[in-house]
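Q: Starting from the known structure of chain A, fit chain B onto it as the hints suggest.
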Amino acid sequence: MKPGTLLIIAARLIVGFVMIYAALDKIADPLTFSRAINNYHLIPWGMENIMAITLPWIEMFVGIGLITGIFLDGAVLVVQGLMAVFILAIGSAILRGYDIECGCGLKSGELVGLPKLLEDFVYLGLSVLIYFRSERGRFELK
Amino acid sequence: MKLTGLTSAIAYIILGTLTGLVINAFRPAGIPWIAEQLSTITDNGAVPESDSLLTGIHIINLDEAKTYFDQGIPFVDAREEEEYLEGHIPGAFMNRNFMELVFNLDTLQTREDLLVTYCDDIECGLSKNLAYDLQASGFTRILVFEGGWHLWKEAGYPVAEGQ
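Heads up: the sequence lines are chains A and B, in that order. So that you can map any letter, position 81 of the first sequence is 81 in our numbering, and since no number is skipped, the others follow by simple counting. So that you can map any letter, position 115 of the second sequence is 115 in our numbering, and since no number is skipped, the others follow by simple counting.
In case anyone wonders, no lab produced these hints; they're calculated from the structure. No experiment lies behind these values; they were computed from the predicted model shown.
FRET-style restraints, in silico, Cβ to Cβ:
| no. | chain 1 | residue 1 | chain 2 | residue 2 | range |
| --- | --- | --- | --- | --- | --- |
| 1 | B | T140 | A | L114 | 38 to 46 Å |
| 2 | A | E135 | B | Q135 | 51 to 59 Å |
| 3 | A | W45 | B | A136 | 22 to 30 Å |
| 4 | B | E154 | A | L13 | 46 to 54 Å |
We put the CB at the ideal spot given by N, CA and C, even for glycine.
Looking at chain A on its own, in the form it has when it is part of the complex (with noise of 0.2 Å):
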């Protein structure tokens, strides 16, 4: 096992853990987390429901993804569109100054600001580095 193996494998569970817990708090209640998208005021036409209906399951695929190693690539490229999407959803929303939660489903009551913005690039971070492991077919599934 290459030096950097287990590290891939730690981001892995780590992102990938992250993915689910955020997940199911947003399939136990898709009636709040629409809520929490429309305050983004960033979704037109009332097109937050079809968000919140099917994005969570998305994360839990994902995480699931991350964590068993089946398809590895195309889900640690899923997590990196979304990060990228919570990040300039999250930015967008503090430089607007709003004052809002941020239904990240991580933490009831939330609200979006810096930390949050930091944390969403850690998680992109360590989707990068996964992307690019050097010791690939190893723990994973194809």
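A: Below, chain B without anything else, positioned relative to chain A:
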């Protein structure tokens, strides 16, 4: 089966989307695909002469908020305690504790009577969230003053400080 990174990413998105849609269709907590937007109470911004039919959650503007304020309709400040103490609409309830708030409202009026929620301004979601929470607790006629504290203060309407 061998899939490239991009193809398997698309597969994950399709799998998640389809699972979400199917489960949403069959579960009791399922929601419609398109969210219903909160309506304003009138098209022209005028306060309806009779609001006996007004049920659900509606958005009101500054003029309407002032009219309801003058009528003695209770206001609820959805902001943090600190912000409330710095300044609020006179007589507004503080939302320090939700159960306490519900108790205070119950001692004042029935859950079918009108009440107004507000927070900082349109960029603050707390007034809407509080309205949904109150609706879930059985309150049936809630108005959300989206312009909130900032607009009220700018208009030079009465303000109060402290408790």
